[in-house]
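Engineer: Please put together the full structure from these sequences, using the hints given.
Listed below, chain by chain, are the residues.
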Amino acid sequence: MKEKEGFVDCPEQQMILYVEKEDGQFGPMQTGSYITKNYIDDYFEKRNNLINKLKEQINRGEISPVKLFMILEDLTPKELSARTKIPVRKIKRHLLPVHFEKLSEELQRRYATVFNITVEQLQKAVPSFEPMNAELAKP
Amino acid sequence: MGAHCESGTVTSLLNHAGLIITEPMVFGIASGIFFGYFHKHKSFTFPTFIVRNRPGDMRKNIQKRLGVKFQTFSFREEQKGIEKLDELLNRGIPTASQVDFYYMDYVPSWERAHVNVHFMVVIGKEGQEYIVSDSYFPKPERLNEESLRRGRFAGGNMSPKGFLFYPSFVPSEIDLRKPIIKGIDKACFNMLKLPVPFIGIKGIRLFAKRVVDWPKFARDTEHLSHEVMKINILLEDQGTGGAGFRFMYATFLQQAAEIVKNEALKELSAELMTIGDGWREISLFAARIGKNRDLGPDKLRELSDLILDRAEVEELFFKKLKKVLNRKLLCLPYRAMS
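Line by line, the protein sequences give chains X and L. Everything in the first sequence is counted per our numbering, starting at 1360 for the first residue and increasing by one. Everything in the second sequence is counted per our numbering, starting at 149 for the first residue and increasing by one.
No farther apart than 20 Å at their CA atoms in a straight line, the calculated lysine to aspartate or glutamate pairs in the EDC-like style are these:
id, chain 1, residue 1, chain 2, residue 2
1, L, Lys-414, X, Glu-1381
2, L, Lys-357, L, Glu-463
3, L, Lys-188, X, Asp-1433
4, X, Lys-1414, L, Glu-370
5, X, Lys-1405, L, Glu-370
6, L, Lys-414, L, Glu-463
7, X, Lys-1380, L, Glu-406
8, X, Lys-1405, L, Asp-368
9, X, Lys-1405, L, Glu-259
10, L, Lys-309, L, Glu-231
11, X, Lys-1444, L, Glu-226
12, L, Lys-364, X, Asp-1433
Facing chain X, a subset of chain L residues (Cβ under 10 Å, in silico):
id, residue
13, Phe-395
14, Tyr-397
15, Ser-417
Listed next, the stretches of chain X that the computed footprint assigns to chain L, with coverage defined by at least 3 CB atoms under 8 Å from CB atoms of chain L:
id, stretch
16, 1365–1375
17, 1387–1399
18, 1402–1410
19, 1435–1442
No lab work stands behind these hints: they were computed from the structure. Since the structure is predicted, the reported quantities are computational estimates derived from the model, not experimental observations. Even glycine gets a Cβ: it sits at the ideal position worked out from N, Cα and C.
Structural biologist: Structural data, given as structure tokens:
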């Protein structure tokens, strides 16, 4: 890839790309993320749709907030178990509202810590940066 | 900034310790180039692939091949891990830390994922905030104590366990010729000879074969779109230097060619740049069909064919690279000075 082909104007997400310079030497250039520049709105649209779908399932009593966050954060039950130190069989029970409602404060705190949210956000199934767009999602 | 977290972190620590070496040279000597496809794995919610060797192996290979010594620490007790880092910082020692990327609050939310094998350098502390030098960011960032604690001690697959490291010894002179040869040899072995069906060239072929099955794993079209577009992220955005590390490895080969004075390596570096362009086409194709939700069998077969083509060209490439090694390399000693 030639240096002039590598430039992407995306100050929100910068990276190092290795390219062929004009003198034929290969070396690093700082540039922006192509996919963020061109497709970030599509990412947020899909994410918002997913959050809305999962919330509808919560409202219908089909899933618990633990399942919502597990899906949003792309964690398997085994991964979530290893991170919360809650056995997998209990994690699977907590994915259902009837068992989620009986969670102790300690277990809620463990889930919230792993999901990087407050206990209140867990109880109300409120992800951070909702609804999502590029401005809100910046640190 | 660096192209990749582990190679960037190791490079910056070595440079700070007085050993002037480039990130591509670290990556190449460490045999970083790789491929692995995971169709089903207990830690992943969806099929995925990797394009570098096992996290941690870059540091270990650099230690072994350059004679550098890294002081390392792991912790069972979080408080001991926190105290150790603070002690090292008080002694003025910039220290690399392994963390779960998800808890790095300076990262925009759309970039965050639970990846337990992110590396960055902690360079100081002010009050309740650490100052970190992260390869993916152009300037130092601040991170509060709690976020760093969560990142350092996250559980799960390849959990960090508070892992810290810094170089405690760097040789005053290093002849890079043998490390370069060993690094290339191991990379060729990994790509051509590892007897594991989902690793190396076999792994690329498996990816090509299995990507057409991805719809079976998706909840719906938008989920499939997200996962197909992640191919672009894994090849370009997750810190590879472009084209799944192929551009950075090509740069290593060009630099290695100068050091060992071998014209064949220089030609192969140009060839790998072109191979990388092919991977880049795959990245753009995946992003396009994902965005357009154009994910029917025909398009996935087209994607599969593009990937299979990479398997064919890379197999030829690594066989040629191995042949260059097997010939006696004419070279003069080259010493990196520290």
